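Asker: Construct the entire structure; sequences and hints are all you get.
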Amino acid sequence: MDPVILSRWQFAITTIFHFFFVPVTLGLSIFLAILETKYVTSGEEIYKRMTKFWGKIFLINFAIGVVTGIVQEFHFGLNWSEYARFMGDIFGAPLAIEGLMAFFLESTFIGVWIFGWDKLSKKAHAGVMWLVAIGSNLSALWILVANSFMQNPVGYAIRNGRAEMTDFWALLGNPNVWHQFPHVITAGIAIGGFLIMAFSAWHLLQNKAETRDFFTRSFRRASTYALIGALLVGLIGHAQGQFLAKSQPLKVAAMEGHWETEQPASFSVIAIIDQENMENTWEIKIPKFLSLMLFNDLTTGFPGLRELQEEEIAKHGPGEYIPPVTISYWSSRTMIGIGLLMILVAALAVWWSQRGVIAERRWFLRILIPAGLLPTVASIAGWLVAETGRWPWIVHGLQKIEDAVSPTITPGSIIFSMTTFLVLYTILGVVGVALMIKYGTSEPALAEEKGE
Amino acid sequence: MDLNTLWFILLTVLFCGFFFLEGFDYGVGILLPFVARTDGERRAVINTIGPVWDGNEVWMITAGGAMFAAFPHMYATLFSGFYVALVFMLIGLIIRGVSFEFRSKREDPRWRKTWDWAIFFGSLLPALLWGVAVSNLMRGVAIEADLNYYGGLLPLLNPYSLFGGLVFLALFTIHGAAFLGIKLKGKVHQRVKSFTRVLWIAAVVLAVAFLVWTYLATDILNNPGWDGLIPAILAAVSLLAYGLFYWMGKEGWTFIAGGLVIILATVMVFSGLFPRLMISTLDPANSLDIYNAASSPYTLRVITIVAAIFVPIVLAYQGWTYWIFRKRLSADSPELHY
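Those sequence lines, one after another, are chains W and Y.
Just so you know, this note's numbering puts 330 at position 275 of the first sequence, and the rest follows in order with no gaps.
Just so you know, this note's numbering puts 200 at position 199 of the second sequence, and the rest follows in order with no gaps.
Honestly, the hints are just simulated from the structure, not real lab data.
Please read all numbers here as calculations on a predicted model, not as lab measurements.
A couple of the hints might just be wrong.
Here are the simulated BS3-like cross-link-like pairs (lysine-lysine), alpha carbons at most 25 Å apart as the crow flies [said to hold, decoys possible]:
no.	chain 1	residue 1	chain 2	residue 2
1	W	K107	W	K263
2	W	K103	W	K174
3	W	K263	W	K301
4	Y	K188	W	K493
5	W	K178	Y	K328
6	Y	K251	Y	K194
7	W	K111	W	K493
8	W	K107	Y	K328
9	W	K111	Y	K114
10	W	K107	W	K178
11	W	K174	Y	K328
12	Y	K186	W	K174
13	W	K103	W	K93
14	Y	K114	Y	K188
15	Y	K328	W	K177
Examples of chain Y residues toward chain W, derived with CB under 10 Å [said to hold, decoys possible]:
no.	residue
16	F21
17	A67
18	S81
19	L91
20	E102
21	Y151
22	F196
23	W248
24	F275
25	I304
26	F326
27	S331
28	A332
29	E336
30	Y339
What follows is a list of derived Cβ distance ranges for each label pair [to be verified]:
no.	chain 1	residue 1	chain 2	residue 2	range
31	Y	R302	W	T355	39 to 47 Å
32	W	R361	Y	G152	42 to 50 Å
33	Y	G320	W	P373	56 to 64 Å
34	W	T465	Y	A210	30 to 38 Å
35	W	G411	Y	W324	43 to 51 Å
36	Y	T6	W	T465	35 to 43 Å
37	W	A225	Y	N293	44 to 52 Å
38	Y	M2	W	E100	53 to 61 Å
39	W	L399	Y	E145	57 to 65 Å
Yeah, the Cβ is synthetic: ideal placement off N, Cα and C, and Gly gets one too.
Answerer: As structure tokens, this is what we get:
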């Protein structure tokens with residue numbers, strides 16, 4: 056087996072597993088900080104109970120996010136040492152800053168938050184949760200600064216056989232960062248909101264008088280939160296698509312299964328993709344709609360994969376430059392389809408809970424339980440779009456994936472590590488989800504007694 | 002002093018912080034099944050590090066990040082060369098990290114016992130493997146002209162490095178014991194104290210033997226760059242002071258002495274290496290040093306500014322958390338959460 060393929064699988068497995076849990080913590084940390092602030096300003100005990108109750112779900116996700124994050128950091132050296140040598144001058148700095156500015160903040164104060172309920176004033180304790188939320192979301196910023204360079208390199212020069220940083224502010228100001236970062240943050244908000252709606256819906260369906268108030272309030276806040284997240288993640292995603300059409304047209308063309316250059320460009324709704332013959336064997340198209348989506352008009356053309364492939368060959372020499380189109384195409388449809396559905400579901404949830412009739416819409420509550428996972432599926436699909444669309448480059452236009460792998464590692468050792476990680480992730484995933492279900496479906500008062 | 006030297010010192014500081022803080026965390030995890038018998042006792046032991054272990058672990062993550070940023074070739078050579086050993090370390094870190102959180106989530110005694118052992122092995126494995134890794138750095142590995150080490154796992158498991166692993170294990174364990182000494186009260190506290198004597202004797206024997214072996218097998222103690230001998234002597238003195246303070250019943254001083262052992266031993270390793278980062282046993286020209294492994298001057302400047310701002314801030318707020326949770330714990334303390 057090829058170490059490159061094995062290393063890609065291992066990285067993909069770790070990243071997807073990591074990203075199953077991390078966005079929950081991004082969104083929930085802010086939600087908890089808002090809840091606890093409400094407790095401080097209103098003085099109502101129920102908000103403290105809500106903070107503690109949903110805090111448990113947050114902490115389970117946080118723990119898994121932390122340990123898989125360590126694996127992520129090690130990976131750049133373990134499997135991708137040539138990447139680390141080529142990119143260390145640029146990639147290392149945001150990673151070190153992430154540690155100093157974000158990880159220390161969230162990890163130190165999460166301990167204070169868990170253990171500090173009786174040791175700090177109410178205000179200080181709520182402030183600590185805000186620090187955790189800021190730390191978590193700042194860590195997303197810095198890792199996306201690093202990732203954005205791989206998508207859209209800026210502020211660098213090729214010197215001494217590697218990419219060297221020449222302008223830190225250009226790195227931080229990379230337009231890719233300022234599309235991707237808000238996209239990820241708002242996705243986290245939607246994910247957190249939907250998760251709390253799902254558990255609240257489960258409780259409301261139990262129809263218990265003593266918990267109704269608790270979960271009606273949780274639901275109302277979570278639905279607003281989810282709607283804000285769903286609307287923004289969609290709008291920002293749309294802007295991001297328009298940006299990518301200029302910065303990484305190959306990625307966008309692959310997302311859209313767009314083989315032939317068209318002016319105006321039509322949008323493929325559904326297609327069967329034949330990558331080998333560079334065409335779609337069957338598809339349904341909407342004329343001019345891709346031009347509208349990417350350029351806000353009905354006339355601008357968009358180059359197809361065939362033409363872009365020729366351009367890349369002219370720029371970088373012979374080779375295959377078209378990413379795996381089937382994965383890109385279906386991932387993007389999954390992401391966008393679920394994204395639109397999320398807006399609809401969250402809007403209904405807000406509408407009915409604001410009118411105080413949500414407990415009567417039992418069919419809708421039943422739908423909301425599985426729907427709790429929808430934004431997570433969309434966010435993983437989004438990452439597949441972003442990262443497979445980079446293929447064959449590990450750093451767009453500068454280093455290919457096959458040149459980035461560690462020359463020292465054997466297929467046997469990667470199979471060993473991948474198997475071990477898979478076993479561990481499976482155990483962690485099963486235990487983590489089981490604990491989330493256990494705590495999410497437990498009575499709030501009971502959960503309170505055991506304390507955290 | 003140039004920025005390369007400054008970052009060598011900063012890397013040393015980060016590893017000192019990591020080994021000092023995670024050292025007692027690992028030690029507490031290793032001692033857990035032996036010093037605490039009932040669930041209440043175990044909770045007391047875990048809760049001594051409960052509020053701080055996560056922040057402590059960031060010292061390792063930041064040390065790794067700083068190595069990547071300042072000396073990317075070291076990061077690349079070390080992590081890809083020590084692949085299998087580091088995977089084992091990750092296994093330990095993964096199960097340990099979730100154990101604290103998962104353990105308290107169910108009452109079932111079998112569930113809790115399972116995670117107690119996960120904490121034990123998850124602390125033992127990284128403690129041992131960091132010792133093995135650092136000893137290999139001191140001894141040197143077969144780095145080739147392309148800066149890569151192709152030897153795999155087996156050459157890393159040489160007698161010297163395995164012995165170094167045991168020394169790390171012993172030092173972290175007595176450091177953890179001293180930490181429990183200042184953080185516990187009641188029955189568990191007494192039990193920790195009775196363990197400490199035996200552990201200290203073992204640590205002294207191992208450490209002295211290791212110093213002699215280091216003198217014979219490496220050039221760390223007579224490095225022409227910076228002197229590793231002085232910190233080595235000071236570390237040995239601190240280790241003896243640890244025993245003296247323990248015998249006098251001065252728990253705070255025992256902990257400080259144990260911490261100094263770890264910090265001085267780390268300083269010994271890095272000064273003994275300077276200006277090298279990774280020694281090649283094949284050809285000195287293949288060794289990685291603070292110049293041929295470093296990032297560009299521009300990047301070093303950027304991260305220097307960031308470190309100058311944030312390291313003091315981090316030290317201040319982490320120090321504050323230790324102040325908040327300064328109270329001693331016992332099996333019947335009301336403030337146990339994990």
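Asker: Check the following: the C-beta atoms of A225(W) and N293(Y) are separated by a distance inside 44 to 52 Å.
Answerer: 27 Å, violated
Asker: Look at the Cβ atoms of M2(Y) and E100(W) and judge whether their distance stays inside 53 to 61 Å.
Answerer: 57 Å, holds
Asker: Is it true that the CA of K103(W) sits at most 25 Å from the CA of K174(W)?
Answerer: 15 Å, holds
Asker: Please verify whether K111(W) and K114(Y) have alpha carbons no more than 25 Å apart.
Answerer: The given pair, whose Cα atoms are some 21 Å apart, holds under the 25 Å limit.
Asker: Double-check E336(Y) for me: the hint is only fine if its C-beta lies closer than 10 Å to a C-beta in chain W.
Answerer: With Cβ-Cβ at 7 Å, under 10 Å, it holds.
Asker: Hey, does the I304(Y) contact hint survive, CB to chain W under 10 Å?
Answerer: 5 Å, holds
Asker: Does F275(Y) hold up as a contact with chain W if the rule is Cβ-Cβ below 10 Å?
Answerer: 21 Å, violated
Asker: Does F21(Y) pass the interface hint, meaning its C-beta sits closer than 10 Å to a C-beta of chain W?
Answerer: 15 Å, violated
Asker: Was the hint right that L91(Y) lines chain W, CB cutoff 10 Å?
Answerer: 6 Å, holds
Asker: Check the following: the C-beta atoms of L399(W) and E145(Y) are separated by a distance inside 57 to 65 Å.
Answerer: 59 Å, holds
Asker: Tell me if the straight-line CA distance from K174(W) to K328(Y) falls inside 25 Å.
Answerer: Given pair K174(W), K328(Y) holds - Cα atoms ~11 Å apart, limit 25 Å.
Asker: Need the status of pair K111(W), K493(W): alpha-carbon distance at most 25 Å?
Answerer: Cα-Cα ~10 Å, so holds.
When held up to the earlier numbered hints, the structure conflicts with 3, 4, 16, 22, 23, 24, 27, 28 and 37 and fits the remainder.
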